[in-house]
Amino acid sequence: MYTADPQYASNFVAGVDLAFMVILGISIFFLIALTIVMLVFIYKYRRDRHPEAIQNEGNNKLEVIWTAIPLVLVLVMFYFGWMGWKPMTNPPEEAMHVKAIARMWNFSFQYENGKITDTLYVPINEPVILDLVALDVLHSLYIPAFRVKEDMVPGQEKVMWFIPGTEGEFDLFCTEYCGLEHSYMFTGVKVMPRDEFDAWITDTTAAAPVVDTETSLADQGWEVLRRNGCNACHSVDGTKLIGPSYLGGWGTMRSVVTGREEREVVVDAEYVRRSIYEPNADVVEGFNKGLMLSYKDMCSEEEIVLIIEYLKALNE
Amino acid sequence: MTSNDSENKGYKSYLEEDGGRKGIFKWILSTDHKRIALLYLYSMMVWFTVGVVLGLLMKLELIAPGQTIMGPQSYNATFTVHGVIMIFLIVIPGLPAVFGNFMLPIQIGAKDVAFPRLNLLSWYIYVLGSILVILSLFGNGPPDTGWTFYAPYSFKTGTNMLPAALGAFVLGFSSILTGLNFIVTIHRMRAPGMTWFKMPLFTWTLYGTGWIQLLATPIIGITLLMVAGDRILGIGFFDPAKGGDPLLYQHLFWIYSHPAVYIMILPAMGVISEIIPTFSKKTIFGYKAIVLSTLAIAFVGYFVWGHHMFTSGMSGTALYTFSILTFLVAIPSAIKVFNWISTMHQGSISTDIPFLWAASFIFVFLIGGLTGLVVGALATDVHLHDTAFVVAHFHFIVFGGVGFAFFGAIHYWFPKIFGRMYDKSWAKTGWIIFFVGFVTLYGPMFYLGMIGMPRRYFDYLDEFHGPNIVSTLGALVMIAGLLIILTNLIKAARHGEKTTEMNPWGGTNLEWQIPTPPPLENFDEIPVIEKATYKYD
Amino acid sequence: MSATSAHINEHRDDTASKLGMWLFIFTELMLFGGLFITYSVYRYSHSGAFHLAAQELDVTMGTINTVILLISSMTLAMSTTAIQKKDKRTTLILIGITLVLALVFLVNKYFEWSAKIGHGIWPGSPLLEELGRGDTLFFGLYFFMTGLHAVHIIVGMVILIVVFVFVWKDKLTFDNFQLLENGGLYWHLVDLIWIFLFPLFYLIT
Amino acid sequence: MSDTSHHIVPYSTYGLILLLLLVLTGTSVAVTQIELTKWSTAVALLLAGTKSAFVLAIFMHLKFDQKIFRIMAVLIILLLASVIIITFLDYAFR
Ligand code: HEA
Ligand code: HEA
Ligand code: CUA
Ligand SMILES: [Cu+2]
Chain A
51 MYTADPQYAS NFVAGVDLAF MVILGISIFF LIALTIVMLV FIYKYRRDRH PEAIQNEGNN
111 KLEVIWTAIP LVLVLVMFYF GWMGWKPMTN PPEEAMHVKA IARMWNFSFQ YENGKITDTL
171 YVPINEPVIL DLVALDVLHS LYIPAFRVKE DMVPGQEKVM WFIPGTEGEF DLFCTEYCGL
231 EHSYMFTGVK VMPRDEFDAW ITDTTAAAPV VDTETSLADQ GWEVLRRNGC NACHSVDGTK
291 LIGPSYLGGW GTMRSVVTGR EEREVVVDAE YVRRSIYEPN ADVVEGFNKG LMLSYKDMCS
351 EEEIVLIIEY LKALNE
Chain B
1122 MTSNDSENKG YKSYLEEDGG RKGIFKWILS TDHKRIALLY LYSMMVWFTV GVVLGLLMKL
1182 ELIAPGQTIM GPQSYNATFT VHGVIMIFLI VIPGLPAVFG NFMLPIQIGA KDVAFPRLNL
1242 LSWYIYVLGS ILVILSLFGN GPPDTGWTFY APYSFKTGTN MLPAALGAFV LGFSSILTGL
1302 NFIVTIHRMR APGMTWFKMP LFTWTLYGTG WIQLLATPII GITLLMVAGD RILGIGFFDP
1362 AKGGDPLLYQ HLFWIYSHPA VYIMILPAMG VISEIIPTFS KKTIFGYKAI VLSTLAIAFV
1422 GYFVWGHHMF TSGMSGTALY TFSILTFLVA IPSAIKVFNW ISTMHQGSIS TDIPFLWAAS
1482 FIFVFLIGGL TGLVVGALAT DVHLHDTAFV VAHFHFIVFG GVGFAFFGAI HYWFPKIFGR
1542 MYDKSWAKTG WIIFFVGFVT LYGPMFYLGM IGMPRRYFDY LDEFHGPNIV STLGALVMIA
1602 GLLIILTNLI KAARHGEKTT EMNPWGGTNL EWQIPTPPPL ENFDEIPVIE KATYKYD
Chain C
46 MSATSAHINE HRDDTASKLG MWLFIFTELM LFGGLFITYS VYRYSHSGAF HLAAQELDVT
106 MGTINTVILL ISSMTLAMST TAIQKKDKRT TLILIGITLV LALVFLVNKY FEWSAKIGHG
166 IWPGSPLLEE LGRGDTLFFG LYFFMTGLHA VHIIVGMVIL IVVFVFVWKD KLTFDNFQLL
226 ENGGLYWHLV DLIWIFLFPL FYLIT
Chain D
632 MSDTSHHIVP YSTYGLILLL LLVLTGTSVA VTQIELTKWS TAVALLLAGT KSAFVLAIFM
692 HLKFDQKIFR IMAVLIILLL ASVIIITFLD YAFR
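Order-wise, the sequence lines are chains A, B, C and D.
Quick note on numbering: the working numbering labels position 305 of the first sequence as 355, and the sequence is numbered without any gaps.
Quick note on numbering: the working numbering labels position 444 of the second sequence as 1565, and the sequence is numbered without any gaps.
Quick note on numbering: the working numbering labels position 197 of the third sequence as 242, and the sequence is numbered without any gaps.
Quick note on numbering: the working numbering labels position 1 of the fourth sequence as 632, and the sequence is numbered without any gaps.
It is possible that part of the hints are untrue.
Think about it this way: if two alpha-carbon atoms lie no more than 30 Å apart in a straight line, the pair counts; the simulated DSSO-like pairs of lysine-lysine are [as the list claims (entries may be wrong)]:
1) B/Lys1549 x A/Lys94
2) B/Lys1409 x B/Lys1180
3) A/Lys149 x B/Lys1612
4) B/Lys1180 x B/Lys1619
5) B/Lys1612 x B/Lys1143
6) B/Lys1277 x D/Lys698
These are computed hints drawn from the structure, not numbers from a lab.
Please read all numbers here as calculations on a predicted model, not as lab measurements.
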């Protein structure tokens, strides 16, 4: 949110907002001044009040003045814009690294200890460096409250950094158009005190798929699907999205295209596994190749078993 | 258009002189620059209607969070086709092809453009390109890449991106040929005495525009061909998996598309520079400064493309160079604004409808231009890039600028073109409704962008709801205004009161010194120009 | 065409059509300019791979083609002299030689390309995918740029054939040969581009 | 209506230029055989630039035509060069 709150949400807010003030200030001044002058002229020199125009072809002195003044003003604007931006390019040497991974259409964040989440958790008042990774197409990571944004380009290593300054939850959007569910590619940043963060990051129970007996296997399978963002492309209710729906798939026959060949396969454990690890090997007829990436690093064999349980449960 | 009109007037106007052809061939085979101008006008009206409806659909979708009238795929296709139509089919060719074609030869005292048949061919190419764009709607579904066709998404999507890109490629040809034609016409066909610094300012802006069309358009042509190569042959120019660099695509795209925004705005500025002196009954203030600023915009405009890529990961050096160049290109625009307002000073101003459009142009252009400065600075653009703020900036300047100038132009030259007059009070009613709707529609988007709503979002969080409602209401108001304006004009073109008055507004350029509507070859005898333009004495 | 519109086309302005041709040439320059930008960027970021990949190209073949194009440019330039000297026969012969040379160029190009394809190198071929990114880009650019250049050769040939016929039928004469000159300008442009393509692809080993 | 008095270029001029172009081509091929490493591209481009200057001036008659054509050609080549240089402000400093 846009506020003049002295408790800045990140270390960049002050610089960026100063640039805003300066540029918007000058702009609004010119807008109002020029509009008023124009309206006054239109009123004062209306034809019925001023029937004879007084000819005047120009004035070189004036031309110079109104070239020079804006020139100085834009240089001032440039300067403030530059100063607000410069610190963004200089990440500190010592900082916590988080790998931010974007794919169609979700973010995931991987911490130094291997923990993966779909929301970004960071400790307050400490520099954080995000290593930006895009797996398929361009995405862009934008945290309005922090005034930071950087595109994520597949095949390029880029970083962004900030020091969060206010506790709380903030929005995090994808701002580079990336296809169907671009507008649903958002999540949050949670800024918390150091001790809370330490407790959270060492608590690995939430991340590993421990087979607990409390929740059913199928529910845990759903949890896996949700965490990996599969639902962006696969529906539960049979609607055709980017990929085939989960509903009514298990155990049936499917026509798939393997390479150039068409063939019929049964949806069994092997098929599901292959669809997750080598999604482009067999492409179900009517869907496009190349849209899904392998989830080999993100989804373990045990998790696939849970997913299969979920698919089976859907058939009931 | 009855033929015995000519007997009363003693000459045959271009509307009656049909070259002995029949039916529609009277138009589509004519090489008369004035008829070709009208061909462009009519075909653009069709696309324009489509574009406006698509814009309205988007606003309706955005009236509330969640899905309201269409799904995400349709929304993505809608803004893509809306952008492609508006940019490539309406505002880039718009003013040059319609009013440039009609007025340029007349304003410099020529009988036609240098290559009349090439001129007609350009129109056919335009139609071909627009058909390709429309074809992209069928088959695998309309393209969903945004008008920017950013790689690598543009060759990953399964939709019909290729026909749309090819359409843009073909339209580029039309644009190049028009520019070429105008430049040669201006160099070779000025009437005796029509020296460079006696040329009307509209002609000057067409000259600047012509050069941009000629020298920038091929870049997008080749870029789209490369994308086609990536899609069809799998070459991998822009495919990161094959070593290509998606950022290079952005460079190439904007090397064209930034200068393209000046293709749009320069003729618009030209129109304003015509209207203001006429209705102030006063010589334009600082003629030479305006000419020089036109050339400066055309030239410096080539070197600022990187301001669309501030967050893409360019080198720091490139970032601040582009930022500073962006600020420099704003100066010549400022010079123009100051000169326009000074022209009004001590004038004798008639607030007829063309003048109202021109004055409101200055206001919305100021907003659009000044917010361009906000996104031109590095720190602020990092926050605002790809948010609703940018959408507001370019609607204010593209359609506030070019659209307002277009309406100004059509109201200004209407009697000359059609030999008929529209209803002035309806025109004013339409204008005020349109203006109010316009500001209500796009104003809230600045705020939305500042609080962080990304663009190309089919759905949004609840916190963005309020301003979006206002904006949609504004759209409805504006469309009402638009309907009034268009109905008034269409009605007038068909049944409006006939006029043969040569100079209804008291203008000084050559177009006001020939009969209304103009005869086939504009001038019986090529005029000899002695006076400077915009001279009132 | 009616009498009136013929009237418009009646006057002839050679400078205007020459200017038109030059403007078109500028457009073409920028078209290839986009590709040269692409080339220089990738050359810069994959310079090692470009050097190695270029060894695959046949310098002799490239040199021969350069020579052919240069000669054809000269013969065509000479034809404008010939026509001004009212020497129709020489004019036709010179244009004819140009056309033959253009054909030889294309035949050479054909053999060059098919040799590459024989080695498993074509845009998006599996071999390129193995060879890596620099090679993919180098050969992508190679095929694209020389291909586009070849298209220009073909267009140029069509123009020259038209010119040839017009000269033959005396539609172009010593005092009215702007079309020949424009065709020449176009042809020299094709030559001009090759002058840069040749060192950039063949001579960077 | 043609206001250019056509300058008839003698055949020998064209022949001479061709000879020059061939020599330059030979040079640039020869130069790449010796290792100049980082200079070889610069030299090749310089030679190509010289060659194209000859083609533009003589074959394309810029030398004999009105000045305006020369001005335009030079400006456009400068424009393309500036665009390339500005693009490299990004790539060279990444
Ligand atoms: C007609 C079209 C047009 C015109 C004329 C302009 C003019 C300008 N534009 Fe705009 N622009 C677009 C169309 C246009 N733009 C479009 C379509 C996009 C979005 C593309 C997309 O992503 O889809 C865009 C996007 C865009 C961006 C990228 C934003 C982003 O994506 O992050 C930027 C950034 O610098 C920018 C800047 C400018 C500037 C500085 C000017 C300047 O030329 C404006 C100059 C005018 C003035 C400054 C006003 C008059 C001056 C005064 C009254 C005097 C006082 C002034 C001073 C003190 C200097 N524009
Ligand atoms: C000329 C350019 C132009 C025009 C006129 C418009 C007109 C409208 N636009 Fe715009 N719009 C774009 C160019 C334009 N648009 C572009 C380039 C994009 C970006 C696409 C992308 O992201 O890829 C965009 C995106 C865009 C979005 C954002 C999508 C998103 O990011 O989520 C929205 C949202 O509401 C919108 C709404 C509208 C509305 C309601 C109208 C209209 O309904 C308003 C009605 C119009 C008028 C009242 C008249 C103006 C008059 C003229 C232009 C001249 C007339 C000419 C002739 C008659 C020949 N548009
Ligand atoms: Cu990811 Cu938009
Ligand atoms: Cu721009």
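Hint-by-hint comparison with the structure:
no.	hint	in the structure
1	B/Lys1549 x A/Lys94	21 Å, holds
2	B/Lys1409 x B/Lys1180	43 Å, violated
3	A/Lys149 x B/Lys1612	63 Å, violated
4	B/Lys1180 x B/Lys1619	40 Å, violated
5	B/Lys1612 x B/Lys1143	24 Å, holds
6	B/Lys1277 x D/Lys698	49 Å, violated
Hints 2, 3, 4 and 6 from the earlier list are contradicted by this structure; the remaining hints agree with it.
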